[in-house]
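Read off the chains here:
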Amino acid sequence: MDFLSLKKEALTEWNDLLNGSVPVIMVGNATCGRSAGALSLIKGLNSEILTRNLDCKVLEVGCIGMCYHEPIVSIYNPGKPLIVYGNVHENDIEKLLEAHFNKNEIIIENIIGTIGDNKLNDINSLFDNPVMKPQERLVLNNCGIIDPTNLNHYLANKGYSGLQEAFQLSSQKVIERIKESGLRGRGGAGFPTWKKWQFCKDQKSDIKYLICNADEGDPGAFMNRSLIEGDPHSLIEGMIIAAYAIGANTGYIYCRAEYPLALERLRLAISQAEQNNLLGEDVLGSGFNFKIKIKEGAGAFVCGEETALIASIEGKRGMPRPRPPFPAIAGLRSKPTIINNVETLVAVARIMQNEPGWFSKFGTEKSKGTKTFALVGKVKNTGLIEVPMGITLKEIIYNIGGGISGDKKIKAVQTGGPSGGCVPANMIDLRVDYESLTEAGTIMGSGGLVVMDEDNCMVDVAKYFIDFAHKESCGECAPCRLGTKQMLDILEDIVSGKGTMEDLKLLEDLGKGIKNGSLCGLGQTAPNPVLTTIRYFKDEYIEHIQNKRCPSKVCKELIFYDILPDKCTGCHICFKVCPASAISGDPKELHKIDQSLCIKCGMCMDKCPEKFSAIDVYPGNKVLED
Amino acid sequence: MNEKLKETFSSFEGKEEELIPLLQKVQENLGFLSDESMEEIARFIRVPASMVYGVATFYTQFRFVPKGEKHIMLCRGTACHVKGAPRIQEEVENQIGIKVGETSEDLKYSLENVACIGACSLAPCAMVNDSVEANLSPKKIEKLFSTSGGR
Chain H
471 MDFLSLKKEA
481 LTEWNDLLNG
491 SVPVIMVGNA
501 TCGRSAGALS
511 LIKGLNSEIL
521 TRNLDCKVLE
531 VGCIGMCYHE
541 PIVSIYNPGK
551 PLIVYGNVHE
561 NDIEKLLEAH
571 FNKNEIIIEN
581 IIGTIGDNKL
591 NDINSLFDNP
601 VMKPQERLVL
611 NNCGIIDPTN
621 LNHYLANKGY
631 SGLQEAFQLS
641 SQKVIERIKE
651 SGLRGRGGAG
661 FPTWKKWQFC
671 KDQKSDIKYL
681 ICNADEGDPG
691 AFMNRSLIEG
701 DPHSLIEGMI
711 IAAYAIGANT
721 GYIYCRAEYP
731 LALERLRLAI
741 SQAEQNNLLG
751 EDVLGSGFNF
761 KIKIKEGAGA
771 FVCGEETALI
781 ASIEGKRGMP
791 RPRPPFPAIA
801 GLRSKPTIIN
811 NVETLVAVAR
821 IMQNEPGWFS
831 KFGTEKSKGT
841 KTFALVGKVK
851 NTGLIEVPMG
861 ITLKEIIYNI
871 GGGISGDKKI
881 KAVQTGGPSG
891 GCVPANMIDL
901 RVDYESLTEA
911 GTIMGSGGLV
921 VMDEDNCMVD
931 VAKYFIDFAH
941 KESCGECAPC
951 RLGTKQMLDI
961 LEDIVSGKGT
971 MEDLKLLEDL
981 GKGIKNGSLC
991 GLGQTAPNPV
1001 LTTIRYFKDE
1011 YIEHIQNKRC
1021 PSKVCKELIF
1031 YDILPDKCTG
1041 CHICFKVCPA
1051 SAISGDPKEL
1061 HKIDQSLCIK
1071 CGMCMDKCPE
1081 KFSAIDVYPG
1091 NKVLED
Chain W
274 MNEKLKETFS
284 SFEGKEEELI
294 PLLQKVQENL
304 GFLSDESMEE
314 IARFIRVPAS
324 MVYGVATFYT
334 QFRFVPKGEK
344 HIMLCRGTAC
354 HVKGAPRIQE
364 EVENQIGIKV
374 GETSEDLKYS
384 LENVACIGAC
394 SLAPCAMVND
404 SVEANLSPKK
414 IEKLFSTSGG
424 R
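The listed protein sequences correspond, in order, to chains H and W.
Sequential numbering of the first sequence, starting at 471, is according to the working numbering.
Sequential numbering of the second sequence, starting at 274, is according to the working numbering.
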């Protein structure tokens, strides 16, 4: 079948679905939905539909990004808009079906919003929701809306029309379109995508490769996972366009093995594309050949670095090599190779699907378009978001994120994962674009955005990241391999009350040395979390070093637990659970913690019944204070 | 050579580049990488066994002891860390009686840390076999792994 007939068939199917006479129930079934119970929900739905003998379709869609509302269920009844319900659990099924199919009603309390042209009285469109309103969904527009396992759904939503457009142009013209869009690499460094492509295109070589980096290793980030799970064909379309532009006939997707569902959806999408002449020989009659292979990453953060990723595909230890030559000149098997991030490639598909000038309308002068973020940590509304470049952190955290959970005080925002830094609360008006973030000492990174509140200890956070970098260091460069270990040891000293003021200077010197003496991005950025926390949260370090107190009550050696005499009823539960036998007291009598025995595991506080809440934790060290 | 290994190798060509997929497949079929299986892989793709071992130990995915019946991967991503993952780890270790990196003697449990499973919005979380357990708390851990009853 040619592309136009394919598309026509797809449009018919799509229109029948959302304007048809048969009701449709959609369930968000990405990893986040599943973690919240989507699979058993679907099972329950299907059996209840069977029992009630209802005529309706059940569809599994990707993640719309409102992970805190999962499982999300949307119901379409003919003549009405799609109604989106949040936090739907198995025991809500009967109520929902009864309302929608027997009583022709809706259930107001769980509604998040509606999707579609039809309006319902008093109920806002989902996209007018305060969480959605500041967002611009250019890349994520299909996620949670289409069935990722159905090629027709993608085709009906402009799918592969960008590829069709690209084939009308010369490969040089495609590169120019990307140049005009201002797209910069979304993997972290922000290098202009067109420039990289141009280097590769200009190489004379019989074989060239395109690699999609889907080895999302940043702890605290899941944008690529959601995007692949919810809309895998967009990535494939972007890859074909990129390959066409640079002249590559083989592509690889290097995806983490920890993402089983993303891998499953990718494999299915690739086989669908192959069956419909979107991949393989003579794609859509253009004369261009392209095939995609999947390589499963084996769990090494450093493989996010281009040359390490290439080594890994070649079957070696994932260790970076010096550049130049850059991979665009000599990469995989010494052939010219382009490595692009998932989001970059999906953005390429969108740019080609829309008219010139569309993408660059969004964003700032130097950072065009949008960026997806995994908004996590201590915000109320955690999830996957896509915002125009230039939006402030404040808007992201308070409008989209709904503020800090438990209405605590915000302390810091961490971007860029282990390569990034922590921005303090007083800089919350900072704009999110490549330049502003770099100036503040952090980086855009691939899109992790972790919000921390007053309960998070910044020294502990710095230690966490340096520990991560140390474990993930491939060991090639001594400054990274040994330097991160030294930094970790010093931080261990500080959090256990053995730090000195000289340590701060030493940490800074070491940090600079590691940055200068490392070959790849991992080492060059590994000290960032420590350096930014010293820059912005020096007081907290000093409190640990001089006063031997952890003000956020996190670092075990610098806190103590105590029993509140006016609240303890002598229920004896803490006595029984204490693994160190540090609690004494007879039943019905006031209990007491022997601080010299206490291992500060916090078990007593966890187990103390809430109605008593007789145990609390304090900064400092009671043994010293006594 | 072990029949299972032979069968695993049959879908490969024996090229050096196939080393990582080979290790992954063997681990999938045997549950872990035994010394014998790594030596066979080395022979199959004609490289020194030391190279196979070098690659296998580089990547965190590979394990050299068998998995437990319940394989628990505790997420130590940033979102999980700031939401109390260290405390969760302590509680799991307490409940099942082994430390991270170990497999219990009766092969019932194995416990591992994983960098991030990408369910950050539901932190802290863990993977038990193939399912994600989300929004963990010490109380929830007790329910999940309590040796007296539970699942």
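Source of the hints: derived by calculation from the structure; they are not laboratory data.
Honestly, I wouldn't trust all of these hints.
[Claimed, not checked] Each pair of labels, with its calculated beta carbon distance range:
id, chain 1, residue 1, chain 2, residue 2, range
1, H, Leu509, W, Glu415, 23 to 29 Å
2, W, Glu363, H, Lys1092, 17 to 23 Å
3, H, Thr521, W, Glu415, 20 to 26 Å
4, W, Val373, H, Lys1008, 50 to 56 Å
5, W, Leu380, H, Lys589, 22 to 28 Å
6, W, Asp308, H, Asp899, 38 to 44 Å
Each residue gets a CB set at the ideal place from its N, CA and C atoms; glycine is no exception.
A quick look at each hint next to the structure:
1. H:Leu509 to W:Glu415: 23 to 29 Å: 24 Å, holds
2. W:Glu363 to H:Lys1092: 17 to 23 Å: Holds, since W:Glu363 and H:Lys1092 (Cβ atoms, about 21 Å apart) stay within the stated range.
3. H:Thr521 to W:Glu415: 20 to 26 Å: Given a distance of about 36 Å, which is not inside 20 to 26 Å, the answer is violated.
4. W:Val373 to H:Lys1008: 50 to 56 Å: 33 Å, violated
5. W:Leu380 to H:Lys589: 22 to 28 Å: Violated - the Cβ-Cβ distance for W:Leu380 and H:Lys589, about 59 Å, lies outside 22 to 28 Å.
6. W:Asp308 to H:Asp899: 38 to 44 Å: With a Cβ separation near 58 Å, W:Asp308 and H:Asp899 fall outside 38 to 44 Å, so the hint is violated.
Comparing the model with each numbered hint stated earlier shows that hints 3, 4, 5 and 6 do not hold.
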